[in-house]
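Each chain, written out:
Protein chains: 2
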Amino acid sequence: MQDAPQVGELTPPNRTLMGPGPSDVNPRVLRAMSTPLVGHLDPSFIEIMNEVQDLLRYTFRTDNKWTIPVSGTGSAAMEAAIGNVVEPGDTMLVPTNGYFGGRMAEMARRAGGEVVEVDAPWGEPLSPSAVADAFDEHQPDVFGFVHAETSTGVRQPNVSELTGIAHEHDALVVADSVTSIGGVELRVDEWGIDVAYAGPQKCLSCPPGASPLTLNDDAMDKVLSREEPARSWYLDLSLLEGYWGDERAYHHTAPITNVYALREALRLVAEEGIASRWKRHERMAGALKAGVKAMGMEMNAPDEYWLPSLNAVRVPAGVDDGTVISRLLDEYDLEIAGGLGDLSGEIFRIGCMGHSARPKNVTYLVNALGSVLADEGADIDAAAGAEATAEKL
Amino acid sequence: MQDAPQVGELTPPNRTLMGPGPSDVNPRVLRAMSTPLVGHLDPSFIEIMNEVQDLLRYTFRTDNKWTIPVSGTGSAAMEAAIGNVVEPGDTMLVPTNGYFGGRMAEMARRAGGEVVEVDAPWGEPLSPSAVADAFDEHQPDVFGFVHAETSTGVRQPNVSELTGIAHEHDALVVADSVTSIGGVELRVDEWGIDVAYAGPQKCLSCPPGASPLTLNDDAMDKVLSREEPARSWYLDLSLLEGYWGDERAYHHTAPITNVYALREALRLVAEEGIASRWKRHERMAGALKAGVKAMGMEMNAPDEYWLPSLNAVRVPAGVDDGTVISRLLDEYDLEIAGGLGDLSGEIFRIGCMGHSARPKNVTYLVNALGSVLADEGADIDAAAGAEATAEKL
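Protein chains in written order, with UniProt numbering: chain D, 1 to 393; chain S, 1 to 393.
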């Protein structure tokens, strides 16, 4: 058996986070995390829970009673959504146009559901006609789509049209809003979304660990009338209802500090105003986009479904994406990411999220990226990029 | 749709946490949580992951390679253990002597397992003979027991004897060590425990959100040779192996800040030395126990299976437990808890865990409890209690 390991003080490097998340965290949120704890059943914590639920409703643009932070990272909120709404024997329709549709399928199968697919290439949104065709063919009980695809930088337009098709077929709609919440226009109620889950570490700029989830009454009715319980006890919403609902009964120990952090991150959203925040993301990411285009690079997504929070930029010819990413990290303490799946090696994924969506970060990113690409021999005009970004900021 | 909620600065009360967890957090751990984030795939974070795994092995007293923090609170680690080790059609033997055996049963059923029980009253440990009988009768594939029962204040003795019985029957042993890790002697390898899960917010005094789990090769072999995947994608250890194992491939976004916190909390364990830490808990809780006994109260558990980290104290005659608990919270900012299940209304549950297991907290607890009980008309001698505690500290 080993002796006590010699582990030194925590001194991680001071990164600038412009990848697919986490984003830079506002110092106010970091400070909130150093607050001493109260118990998870303390009356003062119940009050904090109420405040977080109110702030989440505001941010999701919903009046849903069942709006809570799930005790885990974004994938836990995703599994809470799918694992509760999909019952054994149900059919779930999922998209094939990115990494996270595949994860939806995996979770739906483990929940005991059948999976059917609506196709679109990686880097394209779903078309309403393809969704309508899939509904006619498969008659699914649940339809999942990704509002903001972190793997491709695509924003799904026409959400109301998609939900309308689903509701004509009496299906519930589950929206992945991990990379849109708090940064890109998202209107859960107005757009007819029944269930939405999200991550805190993207446009909310909150450390991961407590993840937003909202369900309307239709969805919650299905959850509460299941014939057999959800397959996860930890994520069973009929049990979590006891803790986050009127009863406030013990289910599991909530991640108290993460709830503190989420509260502060959401207060920042409320102070800025949700619509102003969406506009800021569009402006900051717009300056970033102008810069990379002026350098001579291409965005992977056309403007009509460009996702401001996640900019997929085509890797210039003759350049190795991994080398560029490593050099940015090593020489500039700057994180961006490469492509996944079908887009591996073809795109850079550059986040512009929350506290990272500000002039200082965008300016730094465009300048650093331009320098490294030029140094790697890419046929780009770094100076033109920097100038175009500066003009837009 | 509501306007932006008006939510003020985070100002929770300044509690002294002497309940069943969370315990008071050391300021060094709180400070670690205000550290800016790096990405969950950053090379510097990989190094931090290695350090946390080493520190967890030290604390669990194991050489198990598969030793990780699960991305959720203690119940997530519990479900990761049971949901991966129990396959559909397996039989799991669980205890009936406390609240958490019932939770084991619930999770085993949802994993597709059959549940059989080994009986002991609430407030008693399991006897090896009852376990042997249950094995002979049911031939279970998996045996779960609770090393430190938070609901009853009972420490399970004879662990090696229990695991020996299980291994003679080729069963795997899963130990709930939520309330023992880092505070009460626990030797995973020496005692023949195959799988152990824990919580960070008890004797490790770390905010909840990343929870210790360890599996030996026998257990991991079973997990990796399952015929059908675990029912939770989020907690599937065969997938988490990709992230925490040699590959370090993306599975889900780790709760980075919680990992920072756990690292600092475990550094404190390593600095103190695990055996010294066990002794400190015994000494501090011993002073607490001497105080409540000198006042004239009774412990629910006899000394031979007393659990220092969770002291179950019989509620004196004529006193309402809820009133005492509320007054301690309101008048003393001091958290303790009442009984659960079969012991509801009969015991106070007083934690003595991690950073809360120190003279200042124990002295405050004994004095405050004595004052409130006397004021409520209990037949106790508060002064004698305070004196007995002071002598032992």
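Hints are not guaranteed to be accurate.
If you anchor each label on the Cβ, the simulated ranges turn out as follows [what the hints assert, rightly or not]:
(1) D:Pro121 with S:Asp342: 57 to 65 Å
(2) D:Gly112 with S:Arg314: 42 to 50 Å
(3) D:Pro121 with S:Asp333: 41 to 49 Å
(4) S:Glu272 with D:Arg226: 19 to 27 Å
(5) S:Thr323 with D:Ala249: 18 to 26 Å
(6) S:Glu247 with D:Arg248: 19 to 27 Å
(7) S:Gly102 with D:Pro302: 50 to 58 Å
(8) S:Ser276 with D:Gly245: 57 to 65 Å
(9) S:Lys360 with D:Tyr364: 45 to 53 Å
(10) S:Thr11 with D:Tyr364: 31 to 39 Å
(11) S:Glu47 with D:Ser127: 39 to 47 Å
(12) S:Lys279 with D:Ala249: 33 to 41 Å
(13) S:Glu47 with D:Tyr364: 32 to 40 Å
No wet-lab data here; the hints were simulated from the structure.
Even for Gly, the Cβ is constructed at its ideal location relative to N, Cα and C.
Here is what the structure says about each hint:
As the Cβ distance of Pro121 (chain D) to Asp342 (chain S) is approximately 60 Å, the hint placing it in 57 to 65 Å holds. For Gly112 (chain D) and Arg314 (chain S), the Cβ-Cβ distance of about 46 Å falls inside the hinted range of 42 to 50 Å, so the restraint holds. Roughly 59 Å separates the CB atoms of Pro121 (chain D) and Asp333 (chain S), a value that falls outside the hinted 41 to 49 Å. Separated by about 47 Å at the C-beta atoms, Glu272 (chain S) and Arg226 (chain D) break the suggested range of 19 to 27 Å.
Between Thr323 (chain S) and Ala249 (chain D) the Cβ separation comes to about 20 Å, which falls inside the hinted range of 18 to 26 Å. The supplied range of 19 to 27 Å is broken by Glu247 (chain S) and Arg248 (chain D), whose beta-carbon atoms lie about 42 Å from each other. For the pair Gly102 (chain S) and Pro302 (chain D), the supplied restraint of 50 to 58 Å holds, since their beta-carbon distance comes to about 56 Å. Checked against the hint of 57 to 65 Å, the C-beta distance between Ser276 (chain S) and Gly245 (chain D) comes to roughly 44 Å, which is inconsistent with it.
Range check, Lys360 (chain S) to Tyr364 (chain D): Cβ separation about 47 Å, and the 45 to 53 Å hint holds. Our hint of 31 to 39 Å for Thr11 (chain S) and Tyr364 (chain D) holds, since their Cβ atoms are close to 35 Å apart. In this structure, Glu47 (chain S) and Ser127 (chain D) meet the distance hint of 39 to 47 Å, their C-beta atoms being roughly 45 Å apart. At roughly 37 Å, the beta-carbon separation of Lys279 (chain S) and Ala249 (chain D) lies within the given 33 to 41 Å, and the hint holds.
Taken as a hint, the range 32 to 40 Å is violated for the pair Glu47 (chain S) and Tyr364 (chain D), whose Cβ atoms sit roughly 25 Å apart.
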